[in-house]
Amino acid sequence: MPELPEVESARATVEAGALGRRIAAVDDTDTWECRPHAPGDIEHALVGRVLTGAFRRGKSMWCETSDVGGEDGSGPVLGIHLGMSGRIVVTDGEGRSIEGGDWLGGRYGRVADQPDRKPEWDRFTLRFADGGELRLFDKRRLGRVRLDPDLSALGPDAQQVELAEFSARVGRGTAPVKARLLDQSVVAGVGNLLADETLWQARISPRRPAGSLAPDDLAVLHAALRAATEAAITHGGVHTGEVIEHRGAGGHCPRCGAELSRATVGGRTTFWCPEEQR
DNA sequence: CCATATGTTAAAAG
DNA sequence: ACTTTTAACATATG
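Per the UniProt record's numbering, the very first residue in the first sequence carries number 1; after that it's consecutive.
Heads up, a few of these hints could be off.
Here are the simulated EDC-like cross-link-like pairs (lysine to aspartate or glutamate), alpha carbons at most 16 Å apart as the crow flies [unchecked claim]: (1) Lys-139 with Asp-122; (2) Lys-139 with Glu-162; (3) Lys-139 with Asp-30.
Quick list of the computed label-pair ranges, beta carbon to beta carbon [to be verified]: (4) Ala-164 with Arg-255: 21 to 31 Å; (5) Ala-214 with Glu-162: 17 to 27 Å; (6) Glu-94 with Leu-151: 47 to 57 Å.
Please keep in mind that the hints were generated in silico from the structure rather than gathered at the bench.
All C-beta atoms in this analysis are idealised placements derived from N, C-alpha and C, irrespective of residue type, glycine included.
Could you build the full structure based on these sequences and the hints that come with them?
Structure representation (structure tokens):
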């Protein structure tokens, strides 16, 4: 699931439910997701501390920490990447999950049950002194947890980048514009589905060389990215995009009815409307 | 067995 | 040297 909107929901969940709770134990024994740390490294860094803030840039999120009663951010930083299938679950002392965010009516601190998940897919766990937990469960195991992550290679956040910088970064090169949108060092946060939705909204072909886009094209693309991102956050995920539900064999454009084209662009399966997207 | 999957990245190619 | 593409990564599912 995770593209920028899902990571933002995860960040909001951590912010709403996990801050200020004393960390009593840590399971960091998955040496793949916690690489290059050895088992116990993250545990020793975090036990006895509390999370003091949850932040995000693109698809990367991180939590600042402190000693109990200490100054916010004085402890190590806990970096989390959800990979292809990772999700965050925060539970209260009774085992009920806590969700935060501006989606589905904008209720903060909502308590809800967590659907289908298997315990063996838990890859990393913080156990709080009150009995609750913060878990990363990740079916495909491509997520990552690490201390003091290096985020210097990330471009500006796709939700916040302004038009001038967006145009300068995206509107150059010979690669297909979709490949540039997917490049996290150009702009951070756009994944395969959000790219397709954005390009569909902007009526721009994913195959257009990025450098061929006129300033007006880039302005439309920028607006479409902002709109698609905001809508996905509000509606609960990138899968709620207008064209996303039509991605698949025999899918048709929900605007004009033309059959969607399918090809690999930027290394990923891509759907677009051959009539409207030029 | 083959293809597919909402991500990242090292290596190869251009 | 810089940009672009491909393959590999670990795992599940149809």
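Here is how each hint holds up against the structure:
Distance restraint check for Lys-139 and Asp-122: the Cα-Cα separation of roughly 8 Å lies within the 16 Å cut-off, and the hinted pair is therefore satisfied. Simply put, Lys-139 and Glu-162 have alpha-carbon atoms about 35 Å apart, too far for the 16 Å limit, and the pair is violated. Between the alpha carbons of Lys-139 and Asp-30 the distance comes to roughly 13 Å, so the proposed pair stays at or under 16 Å and holds. Separated by about 29 Å at the C-beta atoms, Ala-164 and Arg-255 satisfy the suggested range of 21 to 31 Å.
For Ala-214 and Glu-162, the hinted distance range of 17 to 27 Å is satisfied, since their beta carbons lie about 18 Å from each other. Judged by the Cβ atoms, the range 47 to 57 Å given for Glu-94 and Leu-151 is violated: they are separated by roughly 35 Å.
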